[in-house]
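*Asks:* What follows is the residue order along each chain.
2 protein chains.
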Amino acid sequence: MKYTTQMDAARKGIITKEMEIVSKKENMDIEILREKMAKGQIVIPANKNHKSLDPEGIGSGLKTKINVNLGISRDCPNVDAELEKVKIAIDMKAEAIMDLSSFGKTEEFRQKLVNMSTAMIGTVPIYDAVGFYDKELKDITEKEFLDVVRKHGEDGVDFVTIHAGLNRDTVKTFKKNTRVTNIVSRGGSLLYAWMELNNKENPFYEYYDELLEICAAYDMTISLGDALRPGSIADGTDASQIAELMVLGELTKRAWEKNVQVIIEGPGHMKLNEIEANVILEKKLCHGAPFYVLGPLVTDIAPGYDHITSAIGGAIAASHGVDFLCYVTPAEHLRLPTLEDMKEGIIASKIAAHAGDLAKGVQGADEWDLKMSKARQKLDWEEMFSLSIDDEKARRYRKESSPEHEDSCTMCGKMCSMRNMNRIMEGKDINILRSED
Amino acid sequence: MKYTTQMDAARKGIITKEMEIVSKKENMDIEILREKMAKGQIVIPANKNHKSLDPEGIGSGLKTKINVNLGISRDCPNVDAELEKVKIAIDMKAEAIMDLSSFGKTEEFRQKLVNMSTAMIGTVPIYDAVGFYDKELKDITEKEFLDVVRKHGEDGVDFVTIHAGLNRDTVKTFKKNTRVTNIVSRGGSLLYAWMELNNKENPFYEYYDELLEICAAYDMTISLGDALRPGSIADGTDASQIAELMVLGELTKRAWEKNVQVIIEGPGHMKLNEIEANVILEKKLCHGAPFYVLGPLVTDIAPGYDHITSAIGGAIAASHGVDFLCYVTPAEHLRLPTLEDMKEGIIASKIAAHAGDLAKGVQGADEWDLKMSKARQKLDWEEMFSLSIDDEKARRYRKESSPEHEDSCTMCGKMCSMRNMNRIMEGKDINILRSED
Chain G
1 MKYTTQMDAA
11 RKGIITKEME
21 IVSKKENMDI
31 EILREKMAKG
41 QIVIPANKNH
51 KSLDPEGIGS
61 GLKTKINVNL
71 GISRDCPNVD
81 AELEKVKIAI
91 DMKAEAIMDL
101 SSFGKTEEFR
111 QKLVNMSTAM
121 IGTVPIYDAV
131 GFYDKELKDI
141 TEKEFLDVVR
151 KHGEDGVDFV
161 TIHAGLNRDT
171 VKTFKKNTRV
181 TNIVSRGGSL
191 LYAWMELNNK
201 ENPFYEYYDE
211 LLEICAAYDM
221 TISLGDALRP
231 GSIADGTDAS
241 QIAELMVLGE
251 LTKRAWEKNV
261 QVIIEGPGHM
271 KLNEIEANVI
281 LEKKLCHGAP
291 FYVLGPLVTD
301 IAPGYDHITS
311 AIGGAIAASH
321 GVDFLCYVTP
331 AEHLRLPTLE
341 DMKEGIIASK
351 IAAHAGDLAK
361 GVQGADEWDL
371 KMSKARQKLD
381 WEEMFSLSID
391 DEKARRYRKE
401 SSPEHEDSCT
411 MCGKMCSMRN
421 MNRIMEGKDI
431 NILRSED
Chain D
1 MKYTTQMDAA
11 RKGIITKEME
21 IVSKKENMDI
31 EILREKMAKG
41 QIVIPANKNH
51 KSLDPEGIGS
61 GLKTKINVNL
71 GISRDCPNVD
81 AELEKVKIAI
91 DMKAEAIMDL
101 SSFGKTEEFR
111 QKLVNMSTAM
121 IGTVPIYDAV
131 GFYDKELKDI
141 TEKEFLDVVR
151 KHGEDGVDFV
161 TIHAGLNRDT
171 VKTFKKNTRV
181 TNIVSRGGSL
191 LYAWMELNNK
201 ENPFYEYYDE
211 LLEICAAYDM
221 TISLGDALRP
231 GSIADGTDAS
241 QIAELMVLGE
251 LTKRAWEKNV
261 QVIIEGPGHM
271 KLNEIEANVI
281 LEKKLCHGAP
291 FYVLGPLVTD
301 IAPGYDHITS
311 AIGGAIAASH
321 GVDFLCYVTP
331 AEHLRLPTLE
341 DMKEGIIASK
351 IAAHAGDLAK
361 GVQGADEWDL
371 KMSKARQKLD
381 WEEMFSLSID
391 DEKARRYRKE
401 SSPEHEDSCT
411 MCGKMCSMRN
421 MNRIMEGKDI
431 NILRSED
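So the protein sequences, as listed, match chains G and D.
Just so we're aligned, residue 1 is where the first sequence starts under UniProt numbering, counting upward by one.
Just so we're aligned, residue 1 is where the second sequence starts under UniProt numbering, counting upward by one.
Watch out, some of these pointers could steer you wrong.
Just so you know, same-sequence chains aren't split out, so a pair can sit in one copy or run between any two.
[Unchecked claim] The calculated lysine-lysine pairs, modelled on DSS-like cross-linking and capped at a C-alpha distance of 27 Å, are:
#	residue 1	residue 2
1	Lys175	Lys378
2	Lys138	Lys428
3	Lys87	Lys24
4	Lys428	Lys143
5	Lys25	Lys2
6	Lys371	Lys428
7	Lys374	Lys85
8	Lys258	Lys151
9	Lys284	Lys253
10	Lys284	Lys360
11	Lys374	Lys172
12	Lys393	Lys343
13	Lys176	Lys371
14	Lys378	Lys24
15	Lys258	Lys39
16	Lys258	Lys284
17	Lys176	Lys85
FYI, nobody ran anything at the bench for these hints, they're computed from the structure.
Given these sequences and hints, build the entire structure.
*Replies:* What follows is the structure, given as structure tokens:
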């Protein structure tokens, strides 16, 4: 092998087969793609051990991608049920799946997942550590934390969330700046607990170079987690969040020195007018690295509808340059998502990504909308259904409510503007009262 | 009576009882409210014949309001079924209901609606004209169109959509600038048809002064309709739309000369990065009149999910100064909404309005979110439910998936960040493995 990672290849001027695939999918000139990868503006998460992967690029100028969270846990230990979700998520064209398994047969699940998934796979190794070692959190050693990451690399995981920006300095900032919801990142709170209980530095920060060696060995992309992301509107864009983002910027450069591909994770909860500033800050402080956000949720008051609060935030974020959206389901803040929750979350997230792509001018994004609108103008229902983000639902909705006239729908009936405009523009009369035509 | 309309009162320095109610609800100084009403920046739609009205203000500095569309039609003629929806819409705190009835016992429905509704009532009189006169559209006379408006005024309608900006000039612009989806406004397309079939000027434009006399007599607010609103991403912010908006600005001034309160209606479909410019244009060209938008829908490709595409657009619009959102349901582009569709539409729209209010800094808007986040930090589930935009759904979601530990939820179980942070910050240990606590 003439290169270690995709970034190393890009910097050496080598075109990998993954680059070729991404270049074709996105209709991006391969030299431009390679240059952006060399600069870290685009990543192709592709672990050398993930043989079934259909690679996707994430970053500048590319379509906004979405991630689906799954995994087994104490409250939901059924491997087969989760693998069923995986199949559907892939059918629904999620580009990434994060395995957040925290309990039970996590190794079996992860290996099956990597084996079957054409979508890229991400994990948060710290979730797996307690179960893997069967040791209480505070007793896990620094070396053991790193070994879990290595294990995930061996298993073919394409990107790992590592909360390396939570260090003694950012913890000081956190303690000085009171928050309403403290640390809401699951991995972040576990690391904070470990640091406090052991009075030690964050092992992922302290042994960051070793971590990078592991990532480079498998070409595992590092997704720098935002342990201090805001968990409420009140905490949005606060000192702790920005202090951590600055550390993530430093860690980005160190990763790039070792040709490790980097993604930056972002909020969280914030008022929608703060989103643009957050994207600008990330792109600046993290030197153009791809930005991956969880939401942002633009209000706290809608549990049961956080697929909507995050679709609002995600669309705005994507329009300003966010590259990768983590889906949020209606179950957020309430329970583990069911299969139906997952589907709703995927669709809301894909809508947000596409709305963002239209706004940021991703090449070809508006062709889809143009086709749909032309079908609407022609009242070509079959064409409309086939272009719908959810063909089945659109079809079902119309079928459940049959219109008087086949060309219109029950919303307007014979007052359908499309129907009447088409007639008038063809020089025909229109009628509302008569039923013969 | 010492004044004709709320605007007339405001200009004469008179404080009406409606102003007092709105001032208290919004916690806005009554003199500021009165001044803004005198300038046309705030309206209180309140027909003198709508006795059951609980008045609401719409405009600058006030909470963003939402409207629910209802009504009987050929495909859904059941008066009682629609009145049942009305009750639920009011229970769900929709501030406005537009009766879009187009067929059947529209008079009976409208009168019952006004009689029972504490929410303000709007109509689009042209929808009612064909049925009211039992005459084909093109045979309805100018005087008859105006008489329908008068009838709605007598019946106590608080605001009427009048597409007076579609005139011979704007039709010329429309014909010169090809569109993908032509005219998608139902009322707009009917008026266009009438104008083309009769080769005449738009009666609402030609007899605008007479129309204003009618509106002034009942203090019926005029909601200047956007006949030329874009119906597709491709047509967003085009020449026809802006040409009409300029006419609406002229008509606004003419209405204000007669103390008639004015709302401006807006898009429609557009890329999300165009929304801010649209709000700036409306506020400028229409001299600060309140802006009422249908969406905007930020993509065309999601029939079945247009409550989400419009929540994205509506939240952004509200954040930039839009004052009033027309709800959009999952049934948009497919069928008349069912009761369930209506509920989903109301909630999505309320989320958008509130997210906008947080961003534009409406007084007190963030208190709701702060309370919710404090409840989350305390893991006080009862408090969270009672603060939820949909208490029932939030409760049901949690109940359907019981967690191992009562304080957490099945999403994270014992890895709950709130739970663990609270323990660590109290100096306690945490455990993930042991089940005893």
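*Asks:* None of the hints should be skipped; say for each whether it holds.
*Replies:* Consistency of the hints with the structure:
1. Taking the shortest Cα distances, Lys175 and Lys378 sit within 27 Å of each other only across copies (18 Å), while inside one copy they are farther apart (61 Å).
2. Taking the shortest alpha-carbon separations for Lys138 and Lys428, only the inter-copy value of 12 Å comes in at or below 27 Å, while the best intra-copy value is 79 Å.
3. Taking the closest pair of Cα atoms, Lys87 and Lys24 come within 27 Å of each other only inside a single copy of the chain (25 Å); across copies the shortest separation is 54 Å, beyond that limit.
4. Taking the shortest alpha-carbon separations for Lys428 and Lys143, only the inter-copy value of 25 Å comes in at or below 27 Å, while the best intra-copy value is 79 Å.
5. Taking identical chains as interchangeable, the C-alpha atoms of Lys25 and Lys2 lie at most 27 Å apart only when both belong to the same chain, with a minimum of 25 Å there against 70 Å between chains.
6. In this assembly of identical chains, Lys371 and Lys428 lie within 27 Å of each other by CA distance solely inside one copy; the values are 26 Å within and 59 Å between copies.
7. Taking CA atoms no more than 27 Å apart as the test, Lys374 paired with Lys85 passes in neither setting, with 34 Å inside one copy and 33 Å between copies.
8. Taking the shortest alpha-carbon separations for Lys258 and Lys151, only the intra-copy value of 20 Å comes in at or below 27 Å, while the best inter-copy value is 77 Å.
9. In this homomeric assembly, Lys284 and Lys253 come within 27 Å of each other (Cα to Cα) only inside a single copy, at 12 Å, whereas the closest approach across copies is 46 Å.
10. Taking CA atoms no more than 27 Å apart as the test, Lys284 paired with Lys360 passes in both settings, with 18 Å inside one copy and 26 Å between copies.
11. Proximity of Lys374 to Lys172 under the C-alpha cut-off of 27 Å is restricted to the inter-copy arrangement: shortest distance 22 Å between copies versus 57 Å within a copy.
12. Taking the closest pair of Cα atoms, Lys393 and Lys343 come within 27 Å of each other both inside a single copy (12 Å) and across two copies (18 Å).
13. Taking the shortest alpha-carbon separations for Lys176 and Lys371, only the inter-copy value of 22 Å comes in at or below 27 Å, while the best intra-copy value is 54 Å.
14. In the homo-oligomer, the alpha carbons of Lys378 and Lys24 never lie at most 27 Å apart, since the shortest distance is 32 Å inside one protomer and 50 Å across protomers.
15. Taking the shortest alpha-carbon separations for Lys258 and Lys39, only the intra-copy value of 13 Å comes in at or below 27 Å, while the best inter-copy value is 63 Å.
16. Only within a single protomer do Lys258 and Lys284 lie at most 27 Å apart by alpha-carbon distance; the minimum there is 21 Å, versus 54 Å between protomers.
17. Taking CA atoms no more than 27 Å apart as the test, Lys176 paired with Lys85 passes in neither setting, with 42 Å inside one copy and 51 Å between copies.
In this structure, the earlier hints numbered 7, 14 and 17 are contradicted, and the remaining ones agree with it.
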